[in-house]
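Now that you have both chains on their own, put them together as the hints suggest.
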Amino acid sequence: MFSRAYKTLVSLPPLLWVGLFLLLPYALMFAHSFWAVKDGLLVHQWNLDNYHTLFAKPVYIEVLLRTMRIAASVTFCSLLLGYPLAYYLSFHSGGRKELLYQLVVVPLWVSYLVRGYAWKTILGSEGVLNSFLQYLHLTHEPVSFLLYSPFAVVLMLTHIYTPFVFLPIYAALEHIPRPLVEASQDLGASSTQTFLRVILPLSLPGLIAGATFAFVLSLGDFLAPLLVGGASGTMIANVVQSLFGAAYDWPLGAAISVCILFVVISLLFLTERLEKRWSFK
Amino acid sequence: MTATSPTRRAPLLTLYAACVFAFVYLPIIVLILYSFNRDGVGGFPPRHFTFDWYRQLFADGPIWDSVLNSLFVAAGSVVLSLTLGLLAALALDRADFPGKALFRRLVLLPLILPGIITGLSLLMFAVFAHVQLSLFTVFLGHGTALISVATTELFAGLQKMDRAQEEASLDLGATPWQTFWRVTLPNLKLSMIAAGLLIFTLSMDEIAVTFFLIGRDNTLPLEIWGRLRRGITPEINAVSTLIFAVSVALIIIWYRVRTRGLGAEAQELIETP
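These protein sequence lines are chains A and B, in that order. Here this note's numbering is used: the first residue of the first sequence is 140, the next is one more, and so on. Here this note's numbering is used: the first residue of the second sequence is 2, the next is one more, and so on.
No incorrect hints appear here.
Below, simulated SDA-like cross-link-like pairs (lysine to any residue); rule was C-alpha separation at most 25 Å, straight line: (1) K415/A / K161/B; (2) K146/A / W178/B; (3) K190/B / W248/A; (4) K161/B / V258/B; (5) K101/B / L159/A; (6) K101/B / L162/A; (7) K101/B / T147/A; (8) K236/A / L14/B; (9) K146/A / P99/B; (10) K146/A / K190/B; (11) K101/B / R416/A; (12) K415/A / R106/B; (13) K146/A / A157/B; (14) K146/A / L189/B; (15) K101/B / L155/A; (16) K190/B / Q241/A; (17) K101/B / F408/A.
Simulated DEER-style distance windows between Cβ atoms: (18) V176/A / R257/B: 50 to 60 Å; (19) L34/B / F194/A: 47 to 57 Å; (20) A211/A / R259/B: 33 to 43 Å.
Residues from chain B that keep clear of chain A, each with C-beta distances beyond 12 Å, as calculated: (21) Y55; (22) F59; (23) W65; (24) D66; (25) A76; (26) S135; (27) N188; (28) G216.
Simulated from the structure, these hints should not be mistaken for laboratory data. From a predicted model like this one, the values you see are computed outputs, not experimental measurements. Where a beta carbon is used, it is the ideal one built from N, C-alpha and C, also for glycine.
One chain only, chain B, in its complex shape (with noise of 0.2 Å):
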């Protein structure tokens, strides 16, 4: 695109973009300094080197409890959403069912609804049921509300698909049991790997639902949550920094396992004669 547009020399733009992007960067990048300041947060410049949070924070208990529920519950949910989400994207795009236009609508409402609304929502269901809160009430506010990400993209996966694979499939004599698990759901490999990755970072890191769901048991967000209110320590800017990076290192990944799979598309598509 660049060779044939005229891509003119913009100066000024150009340093807005930069302005915009140490706005986006900035405070991450502050983060990440204060969490090795001995002095605290706070105070420039930073002066005194140190890993003490870092070690402070790996002895620390609940942070490590709380982490653990975190896993359980994102692994939890990926499971639950993307089976949901799953089957959800196969019936919105083969099946035809009275209420359909409104399944869509209600599937992807969690989605756009500020999760204040669906976390209350859920409250209410889990008082009305008698259920008491816990992590497994999180698990499952966490896996409902999340199967709108699910459906999305896997719907768009079967969207791109080539239909003629699964017919030819069910002509030669295979099942649709068989068709779907050597054809379709190898098909959108990549589409559930990308959804369930971004499943589980936004339930690692979800609060306006949790806030209303949790129980006795901190999840991450919630700990870290619960120890601003009694004040900061660098401590929070170590775990910060922490999740970070793994955030940073499943997009990574993630789009590792992505150019192999677009590779191995165009590979096929050269030996495809």
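Only chain A is shown next, with the shape it has when bound in the complex (with noise of 0.2 Å):
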């Protein structure tokens, strides 16, 4: 029905901006960690150094390992808030559940900054929730542990992916076909019966599309890690960061970015297979 000129005209631009502002930098990336710097300069030098330092230098897996277990720590407590609320409001929220599903996306629209901001004055040492707790006397001096720790990051963090963990979850329960769970119960299955064996196992493409979510975001986080993680809350993306900063390596730091890149493409790849084989037809 659309002549050819007009595929063209519609495909061409897309197509070459894509290809000149997202594939040639993506592409790019990709070539400079096969190079090098000497003296303070970049190189043109084709090699594999940068992957070999990476692997021989037990420091950038030991972040990449701290990292996986704050972005998994993160998709864990995401996923233990996000899916009883999604639940929730699917399946017991009654005339109220327009209301309630606005409630949670608000805060998806409200700046990423502000909501880690607010987490550094709860957090502080001398922040809100450590004045609170001296003015119920239920400590005496400020409690130091709560900033600055990989703790006070997957708390942020899990803050910021809750919402994001709870759409698809909530998008899959409700379309699970309301007389399928009503068969279950009238054939005599208890609540608990029925929620394991009907609806968990319904809403598992949608639990696992949330879990992506949350750990790909927080596997190349920088900022939460800078805000309120301190020193032992450094994660990989913290490394790229400074290695394209001050400590002025980029090919090396391309090279780890590579890896994330892997990481996230992988687990994408898997995701969507595993999401393809238990989704409901």
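Shown next, in the form of structure tokens:
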């Protein structure tokens, strides 16, 4: 129905733009990871040294493992908060469903920085939480482990990604045909059985989508560690950021980025397959 | 649904859900509360109510400069990514070309990749192309990364659209150009507004990509970021509260637009014999 000229006209500009401003930059990052820095200058000399350094020095592997631990904790906590919330909204909220749904969505629109900053003011040693505890005479000295720790990073990122995790789970729960749930109950299954054998399996694709989102976005976060993480909460993206900044070793930074990219893309590939396999048709 | 499905009372679950809501909202409420606290951030309970921090904020030149910068960047990004996103959605919906699957994945990549990777790639590109970092590079970065949002939203809109209208228009002798302006685009109005608002908000708030592309002039989030490093003052609470208020206002506008749009659709449905 549409002419060739029409198709060319709509395809060409985005193709060229995306090729120039996305494909080329990503390719440049890949190329940089095989280059080197000599005497503070970038030299276009193809080699594998960056990847070698990456796997030979335990410090990088250590930070990468810590990052994955933090990302996994964030994913777990967001699921722990997001899933029951989605379940409640979908099955038990009655007439308040629409309003409550909007209430979950609103924080998604609220600045990342604003929410991170809020945690910083709450957790600090002269922060809101500490003065609250002292006001109640629960402690007499500020509890200092709250801010600048991996715990603070997990807390802040969980706060940010819980609504993200909620959305796909809620969508999956809403798509479950209610007669299936009723049939299970009519046939004598208890609420727990109905949940475990009907609702949970049918909501798996949404759960996986949400978990992937939380994991991938936490994995590459460098702002939360800077804001509330301190030295012990440093993550892999902070290493990259410092290599591109003060440490000035772009090729090594690029190599780490390529590794992050590789982890992310294989994870996406894997979860896409799982979602397809478990999706309800 | 509530009438047919056996909705049972679940007091524990209700309590749990209330706690999750508290977790999500408490930090924001605390933040707003302390923007009115004379003695600064921290200290419990907040004692002396004051507007001083807002007064200080309104007299703060650099903040308002950065707000203007952010508005420019966001407005430009909306135009750029809506234009390219619309074309990309049309291309994905109706054209076949080699590498289409790759193109679709590539467009969506900035949406799912951590911002630092997209930001650094664009930084390398800027250095490679000998482009000076400035608000212009930030605009290019936001505009390009957010094509993903525009494409997703507009592609969904196109899929829901009734093809028969366009066919009729073409059959009745309208040129493809006329059909595009008079049939396709009006049908996509709601998706365009939704995508535009979302892109605007995301651009106003963006840090990860901006961090690497910024030149001398700051955007609002980076201005706040810079101040956080020098220590925290309730002035930042005040500006955060205002950002929150603007975000909520945008959401309300969006729901108004959407419900009015739905209302019109329902009206049409009733009037159609």
